[in-house]
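Novice: The chain contents come next:
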Amino acid sequence: MRSLKTSFWIDAFIFAGAMAALQPRLTGSTIHEWLALATAATLVLHVALHGDWVIGVTRSFFRNLMHVSRLDYLVDALLFVAFTITVVSGLVISRVVMPALGVQMLSGGTWREIHSTSANITLFLIATHFALHWSWVKNSFRRIVITPLQSRVSAIRTGRESRTVPGKTAKAL
Amino acid sequence: MKKIIFRYIVIALAAIALGALIYCLNQPANAASLGTSIDVAGRVHEGLGGEHSLDGGSGLLSGMFGLLENLLIVGMTTVAIVSLRKLFACRQGTIRG
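Residue numbers (the numbering used here), protein chains in the order written: chain A, 1 to 173; chain B, 1001 to 1097.
Worth flagging that the hints you see were computed from the coordinates, not collected in a lab.
Some hints here could point you the wrong way.
Stated by the list, open to error - Here are the simulated DSS-like cross-link-like pairs (lysine-lysine), alpha carbons at most 27 Å apart as the crow flies:
1) A:Lys-5 <-> A:Lys-138
2) B:Lys-1002 <-> A:Lys-5
3) B:Lys-1003 <-> A:Lys-5
4) B:Lys-1086 <-> A:Lys-138
So here's chain A without its partners, still in its complex pose (with noise of 0.2 Å):
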């Protein structure tokens, strides 16, 4: 059963990685293609672990005119179609990848433009997509990283006292 602990750090994966890929200044061309290509492959993954939430939502999505996921759904429906245009896009116009790969693609003068747009969406709906799961991001990282954290420097505190505090009285005897 994948644990909340999971889902976050794939979640924290996508985002970060997302955010460097979308800037191939700062991590070059090579590490940027390979960067968006496992981007990509993380983002199917998250997307099979919420399975269950998309057949759901895709079968009442007719049915219930007042349903709440709506918003949610159309979101990341368009997320994930203009993220799959950036990688279509980004290979096309690859340096790296498909080279590597053997395979020299001929790409015209709008695939460019389009791998910019698309991925100027693209951050567009990431940032859409996080907002809507913002009190889900709030709370997971609370209990994740937050009372862990918390709870060690405590615990480290508590370790000193009880290590100062012989001393102390050993002083004041």
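Place chain B on chain A using the hints.
Specialist: For chain B alone, kept in the frame of chain A given last:
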């Protein structure tokens, strides 16, 4: 586990099919009509955030600024959407009350 692997393959195949369709739609004729409409939208977002081409070369500082821009966009969108959601939740509450 088997279910997730099956779903993974199905979604990956769907993405590949969609990608192949997009490729076939644009590549053979090198469709100029699609390019011109997208070019305008591409220029709109060129200044802030999103992906920038590598024509100016890569650099850690400019890349970090770009990453900051992207995070800024995510932050602003999150604040806007969370605020809107809270606003609508409050209005619903007052109507009910």
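Novice: Looking at the structure, which of the earlier hints fail to hold?
Specialist: Those not satisfied: there are none.
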